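A.B. asks: Residues per chain are reported as follows:
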Amino acid sequence: MLSEDRLFPSDAKVRSRARDLYNSVKDLPIISPHGHTDPKWFAQNNAFANPAELFVTPDHYVFRMLHSQGIPLEALGVPRADGGAVEQNPRKIWRQFADNYFLFRGTPSRIWIDHALQFTFGVTERLSSKTADTIYDQISDQLSQDAFLPRALFDTFNIEAIATTESAIDDLRWHQMIRDSGWEGNVITAYRPDAVIDPHFEGFADNVAKMGEMSGEDTTTWSGYLTAHRNRRAFFKSNGATSTDHGHPTARTEDLPQQTAAALFEKALHGKCNAEEADCFRGHMLTEMARMSIDDGLVMQLHPGSFRNHSSDIFAQFGRDKGYDIPTRTDYVTALHPLLNAVGERSDLTIIMFTLDETAFARELAPLAGVYPALRLGPPWWFHDSFEGMMRFRETATETAGFYNTVGFNDDTRAFCSIPARHDVARRVDCSFLANLVETGRLNGDEAAELAHDLAYRLAKEAYRL
Amino acid sequence: MLSEDRLFPSDAKVRSRARDLYNSVKDLPIISPHGHTDPKWFAQNNAFANPAELFVTPDHYVFRMLHSQGIPLEALGVPRADGGAVEQNPRKIWRQFADNYFLFRGTPSRIWIDHALQFTFGVTERLSSKTADTIYDQISDQLSQDAFLPRALFDTFNIEAIATTESAIDDLRWHQMIRDSGWEGNVITAYRPDAVIDPHFEGFADNVAKMGEMSGEDTTTWSGYLTAHRNRRAFFKSNGATSTDHGHPTARTEDLPQQTAAALFEKALHGKCNAEEADCFRGHMLTEMARMSIDDGLVMQLHPGSFRNHSSDIFAQFGRDKGYDIPTRTDYVTALHPLLNAVGERSDLTIIMFTLDETAFARELAPLAGVYPALRLGPPWWFHDSFEGMMRFRETATETAGFYNTVGFNDDTRAFCSIPARHDVARRVDCSFLANLVETGRLNGDEAAELAHDLAYRLAKEAYRL
Amino acid sequence: MLSEDRLFPSDAKVRSRARDLYNSVKDLPIISPHGHTDPKWFAQNNAFANPAELFVTPDHYVFRMLHSQGIPLEALGVPRADGGAVEQNPRKIWRQFADNYFLFRGTPSRIWIDHALQFTFGVTERLSSKTADTIYDQISDQLSQDAFLPRALFDTFNIEAIATTESAIDDLRWHQMIRDSGWEGNVITAYRPDAVIDPHFEGFADNVAKMGEMSGEDTTTWSGYLTAHRNRRAFFKSNGATSTDHGHPTARTEDLPQQTAAALFEKALHGKCNAEEADCFRGHMLTEMARMSIDDGLVMQLHPGSFRNHSSDIFAQFGRDKGYDIPTRTDYVTALHPLLNAVGERSDLTIIMFTLDETAFARELAPLAGVYPALRLGPPWWFHDSFEGMMRFRETATETAGFYNTVGFNDDTRAFCSIPARHDVARRVDCSFLANLVETGRLNGDEAAELAHDLAYRLAKEAYRL
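Protein chains in written order, with the working numbering: chain A, 1 to 466; chain B, 1 to 466; chain C, 1 to 466.
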């Protein structure tokens, strides 16, 4: 189904150079330093249940597109918050998907899914109403085989290291089970403290109390709260974490006097922060997290700018992560000023910035990453993790930030089978970009070869200290 | 003058595929579901007066560019608001245009005008000071011939359906005359209620009173006002309307309690709304209009984000629509939240969003249209209705919204002779985009062929319920 | 080192056309109407001291990139504000640069430096740790030769005219020395009054007093202050100035009643303007400057939108212009409204707008420049003075503003040896853009040839009245 030369430039000379570069990196192991796969898969190593569970129900890219054309989420088996009835028959869900597979024309989901169907499951025909059942049966058969269990796929996918993301108050039981199992797959965690940092997160005070319990610290005081963070970070590190991750509505940072921060924390614990105070507290905690990163060496990732749960009805009926998180215009220059003034000059600290607002690359993020030693640019994120998105990223960021203030690729996915596809797309795009630089006299061939390897493998490994 | 392969990619293989796709759609009838042609042309079917009246005086793209280089609008025959003297000699106006035709190099106007000159009027030489008179004479002669009357051109242009845009308080006399005439050209209206929705529109209260009169409703009350809208919409529907159109300064929407809305309406009628209240009322009325659309099936178009009449002097001297409407940065995620929460989940409603802020496509509009069943993306609008603008639209919107959350092309023009040219450009750009997807392994050939037809014809027809 | 076909499109036919166009303009003299070279160089005509002083220490593009990877500015010989110790050995600085030259892969600095090394100094090998010393020695030798003195390089570079930029209270002694010397190089100044216009500029009141002294006017009064500006502008004109230049944090303009302006000025003199009042005063002064430009014919340049000295530590330790000026999102439509309403319709005035926010080109600046007679678009500025930046500029501005509302190229540099490289890049990009227009049927060959010349030479000369 897929062309061997997919995503390479159409000009024959540039294409040939892109292909050569790609061939030199396509078999490199996958470094997946940030994502949302479920550690339980690797801990229990149970078979995936059926094709719909693998490709449709958990993939918000997939069900949001189907829904945009009027298909109710219930018909796709997406569970309701109230436990109400949704489609239970995976074959029916799969048929809905197959019938509407044309909707994905021109989208990255199409490439990812075709890739998984072809290279993981050996499917040879395009998914459609006509082929739906045959493909369903073929995948179903395979899922029960040993070669398709999570750990086997992990090996097949040639994953050298993968990070999952857990809440600061997660007990990391699956990670500990993986470690105890003797399996050698390198699955690590990452510290995501939004639930204990955002005063407006559901159950904030309870979450903080739980963090106190888990860390044996008195989190009713500001200093106890900070120590509890340090403890939890250490615990995450002992489960392999090399990074933290922060998903705030804006990129706002603050560097408040400790007394002011303590007073805000007190308010937050009592549920008394207004919107501005909550934003201010979140912003200050980023600077606290950065200071802890200088101490414990955890790389810091910021993922700001998503308006979460845009549809109140869908949120009420189905909960979070249902495709209704929408990017917003995001300021970085003013927002990051306090953080960068506090710690931006540290070259022993790494802060990786992501954005859902691509206009910030050329204007703000590349100029900032191109001068502050602590700052690096994360790869195109979420809706921009696509051919055009990646190409625009290189075109808008490279001239000011260079390549070496970027950190390779993140797949950032919960769709396990899409991982090889996503890294493959990233490698193809980067090799195409590099080939074009060479053919237009902006780079030499030997430099492009070195860069192809750096972008596919080395930069991610180094930036994330893996 | 025009190359047969214009606007196709330069790579031979991609060009050849683009050409094949284009050849399969170039003769499809034109669906023009939104625009500003004058229904009087088709009602009276009088000859256009002269080349200047056809190409210069009414075309704000043309006279704004000439003016930007210092040519007074008076010299181009643009009528003054005070009836003051302006150039009356169409040949002199035409010569000014021809002398400065080089200014249009690299602009869409150049392609549209060359297209009209070559294919509608058979002109074979480039317009310039040297050819000005010959071309003037040639067009003048033709305009008096039957084959160049509005209805004949309508047929020549292969227009299957065209929508004009009329104010809610227009009596639609020309549309009725067209219907009464027995001519079979499908010219329909669209409901544009800005004059009776925007508290700061000139003569708002009078306009609302007139709407009351025309509809036989008491528009001094909030409920009478809403009913009057329903009546007028029904009247527009009986004149073929399948859509409404809303041109607000921002994309703000509101979903107020009825009592609050009624109180604002009361204030508006008495000219007492401040800027914020006027904006709020406009925003709320969009949600009311959407609710009526669910009832009567009219497709809703939003055209926000233009700073109208930027030059006070030009506005005072020449009035509206003189090239001084400037796009502004426009937020959609927050602005559309109330509307989409009220009606966005309805799959029996179609809201078509336009933007003058292209940065919103990848960041906001494609993510929104890619999940809300009611939302569709209109084609590139106004300054962005161009080769580069259309290409950027496909490159930034497709990966997240797909093709099927878009609605084909709108020419949105009052320049009648530019209609075939504009649709031709859109078809060429879309076929080039599709050819590139195929040649870079992102789409199969049979899918591209189907999409070429969808984008040129089917999607517009279906989205606008024509 | 450099490919002869660098920056040309890869498609053979388009490349060949781009090359032909480029060959027709590559030897045209350089018009450098805006920049920051030091007039002292041309006045004294002393040899440049060493390669580090020429390529590293004064070039913020270079040291910011090195610093972003953790190299202290001290190690690069950047002088500290407190006179503290920094690296004094130019060879060591050069080696740091050479060791890390790979960081510049894909950046414009790489092309500029390679160009200077190859074409000015005859270097034949790529700069690296291995070649660092040889290249250092080679350049060192040359710098002491007559052919490499500033005036000789001026001739070698084929500069027809170059403008420097001086503060309104500069005595222009170097310019006068150049004039007195009898040397025929055309080095002119430009009037930059930020220090006497921005109430928050260091030493504002003293600066204004000094301007009073220099002009013999009583600058304690509003009218005396305005007259002093007129006098200084006349003095700058007598030193060749044809332009003024204004670098404000935002693009805000105002057109206040004279009494209000006078009151603000009074406040400013006494250091009593708050942020809003300072911004308002700066904004108003742009309109005053524009009115003076109508009288004295100086072309007005606006360079808004940089957040200066983002790192407080670096500012405290090293002062201004250390690579920490970061672009910000910038509004133009509302901001320029007062100015354009006051003087925008004048076709005897030229206002050249620059931006660090590229998203404004298609949305705001091209539509504004495409209608207001007084407004022109400056070339891509600062971080956007690059292959991709220039290409995006043409792609986003041309369709609405055309070519003739743009003003050719500015190198805007203090790196003297980069001037030929920068103009060469601009000519290559423009010829590539034009070649692509021709090969995709959007322009005729004869028009492209004329435009290539216009963009490389004529437009800059005419717009800046040189």
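Hint data in this document are derived by calculation from the structure and do not stem from the laboratory.
There may be inaccurate statements among the hints.
Pairs involving identical chains hold if they fit within one copy or between any two copies, as the list cannot separate such chains.
[Claimed, not checked] Each computed DMTMM-like pair below joins lysine to aspartate or glutamate, with the alpha-carbon atoms no more than 25 Å apart:
#: 1; residue 1: K26; residue 2: E345
#: 2; residue 1: K237; residue 2: D82
#: 3; residue 1: K130; residue 2: E87
#: 4; residue 1: K210; residue 2: D446
#: 5; residue 1: K461; residue 2: D141
#: 6; residue 1: K130; residue 2: D331
#: 7; residue 1: K26; residue 2: E277
#: 8; residue 1: K130; residue 2: D279
#: 9; residue 1: K267; residue 2: D146
#: 10; residue 1: K40; residue 2: E217
#: 11; residue 1: K267; residue 2: E160
#: 12; residue 1: K272; residue 2: E53
#: 13; residue 1: K210; residue 2: D5
#: 14; residue 1: K237; residue 2: E74
#: 15; residue 1: K92; residue 2: E345
The structure presented is a predicted model; accordingly, all values stated were derived computationally and were not measured.
A.B. asks: None of the hints should be skipped; say for each whether it holds.
C.D. replies: Okay, the hints, checked on the actual structure:
1. K26 to E345: Result: close neither inside a copy nor across copies, 36 Å intra and 43 Å inter.
2. K237 to D82: neither (36 Å within a copy, 42 Å between copies)
3. K130 to E87: This pair counts as within: shortest intra-copy Cα distance 21 Å, inter-copy 67 Å.
4. K210 to D446: Neither: 54 Å inside a copy, 57 Å across copies.
5. K461 to D141: neither (36 Å within a copy, 43 Å between copies)
6. K130 to D331: Intra 48 Å, inter 42 Å, cutoff 25 Å: neither.
7. K26 to E277: This pair counts as neither: shortest intra-copy Cα distance 48 Å, inter-copy 59 Å.
8. K130 to D279: neither (51 Å within a copy, 51 Å between copies)
9. K267 to D146: For K267 and D146, neither the intra-copy (53 Å) nor the inter-copy (72 Å) Cα distance is at most 25 Å.
10. K40 to E217: neither (28 Å within a copy, 65 Å between copies)
11. K267 to E160: The answer is neither: 44 Å in one copy and 65 Å across copies each exceed 25 Å.
12. K272 to E53: neither (41 Å within a copy, 58 Å between copies)
13. K210 to D5: Result: close neither inside a copy nor across copies, 52 Å intra and 64 Å inter.
14. K237 to E74: neither (39 Å within a copy, 35 Å between copies)
15. K92 to E345: between (56 Å within a copy, 23 Å between copies)
The structure fails hints 1, 2, 4, 5, 6, 7, 8, 9, 10, 11, 12, 13 and 14 (numbered hints given earlier, in ascending order).
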